[in-house]
Amino acid sequence: MSSGRSQRFWGVAAMALITAIGVTAATLYIKPPGESAITFYTDDAAALRPGDTVRVAGVVVGKVKDLAIEPDQVRVRASVNKKAFVGDQSQIQVRMLTVVGGYYVTIVPLGKRPLGNLAIPKERVTMPYNLMQVLTDSTKITEGVATKPIKESIDQFQNALTGTNTETVSAILDAGNSVTDMLSRQRGQVGSILDLSDEYIERLTSYSPQLEQYLRRISILEQTLILYGKAFGDGLTRLGGVGWTLGPAIDDYFAHRDDFLARIRNILGDLRTIETRHGATVRMLQRIHDRMEVALDKQNNFTRPELLATDICIPIHGSPC
Numbered sequence: 001m002s003s004g005r006s007q008r009f010w011g012v013a014a015m016a017l018i019t020a021i022g023v024t025a026a027t028l029y030i031k032p033p034g035e036s037a038i039t040f041y042t043d044d045a046a047a048l049r050p051g052d053t054v055r056v057a058g059v060v061v062g063k064v065k066d067l068a069i070e071p072d073q074v075r076v077r078a079s080v081n082k083k084a085f086v087g088d089q090s091q092i093q094v095r096m097l098t099v100v101g102g103y104y105v106t107i108v109p110l111g112k113r114p115l116g117n118l119a120i121p122k123e124r125v126t127m128p129y130n131l132m133q134v135l136t137d138s139t140k141i142t143e144g145v146a147t148k149p150i151k152e153s154i155d156q157f158q159n160a161l162t163g164t165n166t167e168t169v170s171a172i173l174d175a176g177n178s179v180t181d182m183l184s185r186q187r188g189q190v191g192s193i194l195d196l197s198d199e200y201i202e203r204l205t206s207y208s209p210q211l212e213q214y215l216r217r218i219s220i221l222e223q224t225l226i227l228y229g230k231a232f233g234d235g236l237t238r239l240g241g242v243g244w245t246l247g248p249a250i251d252d253y254f255a256h257r258d259d260f261l262a263r264i265r266n267i268l269g270d271l272r273t274i275e276t277r278h279g280a281t282v283r284m285l286q287r288i289h290d291r292m293e294v295a296l297d298k299q300n301n302f303t304r305p306e307l308l309a310t311d312i313c314i315p316i317h318g319s320p321c
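In case it helps, full-length UniProt numbering puts the sequence shown at residues 1 to 321.
Everything labelled a hint here was simulated from the structure, so no lab data went into it. The reader is advised that the hints may include incorrect statements.
Claimed, not checked - Simulated crosslink set (DSS-like; lysine-lysine; CA at most 30 Å straight-line):
| hint | residue 1 | residue 2 |
| --- | --- | --- |
| 1 | Lys148 | Lys122 |
| 2 | Lys148 | Lys112 |
| 3 | Lys122 | Lys65 |
| 4 | Lys83 | Lys112 |
Build out the structure end to end from the sequences listed, making use of the hints.
Following this line, the structure appears as structure tokens:
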């Protein structure tokens, strides 16, 4: 009798122990120590899988436990480290892990009070790109569009392309073809101009030695005129000084000194005119010189002579270097 009671006692004790172990294991599985459970809702959980990581500011703090379908939404449960604060206004963002696939859950902790046993509604849950959601949102944009004026415009356009109006379209196309032909001809004319320009440059290149020789001679002539011009001007100045110095003596020996002085002044004026024209000649030679250098510089194979007459300074009386 005592043996039967003993067996029943140990059987009941074993069942109780097994039950306790099962309850403890279930509790540890559902709510591991050091972790808290959070729940959020979404209307599209195609991107989520049990085991996906849960992160706060990029740090992994937990993982998705399970998903359950409800009548108008999907419930998602996740375990989060208790050290991670999750406020009552927190938001959920499901983001792509890599470009080839994979997702993770990001918690944006907001609010002053802990979330506790509350669930995060789907209004605060953001899922990745969803084609169906995009199509649904696009219909909201076109809901306020009046379709009748658009239909009337399309009908009028269709009527305009029927009957005799088709000839107008043909005329427009013919005009476009004419413009295209004209542009083609102009392109050919531009090509001819470019060919002529190339020929001119080639001829100018072959004539560059003669131009260089002319440039040297013009430089010599220019420098010679400049030197003689300076000497000529200095001589006129001295001659004028001599004339004015002899003025009192001429007054004593010539009764017609006024006429004589007037002639001297005329001669000096003519000499000044010659000097002025000489300066104009020098300036004209300088312009020719500059233009020839510009024409030669435009040639790729032209090298300016290392030394020209205009590059040399020759000191003369009254004009030092």
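Status of each hint after checking the structure:
no. : hint               : verdict
1   : Lys148 with Lys122 : violated (38 Å)
2   : Lys148 with Lys112 : violated (53 Å)
3   : Lys122 with Lys65  : holds (18 Å)
4   : Lys83 with Lys112  : holds (15 Å)
Of the hints listed earlier, those the structure fails to meet are numbers 1 and 2, in rising order.
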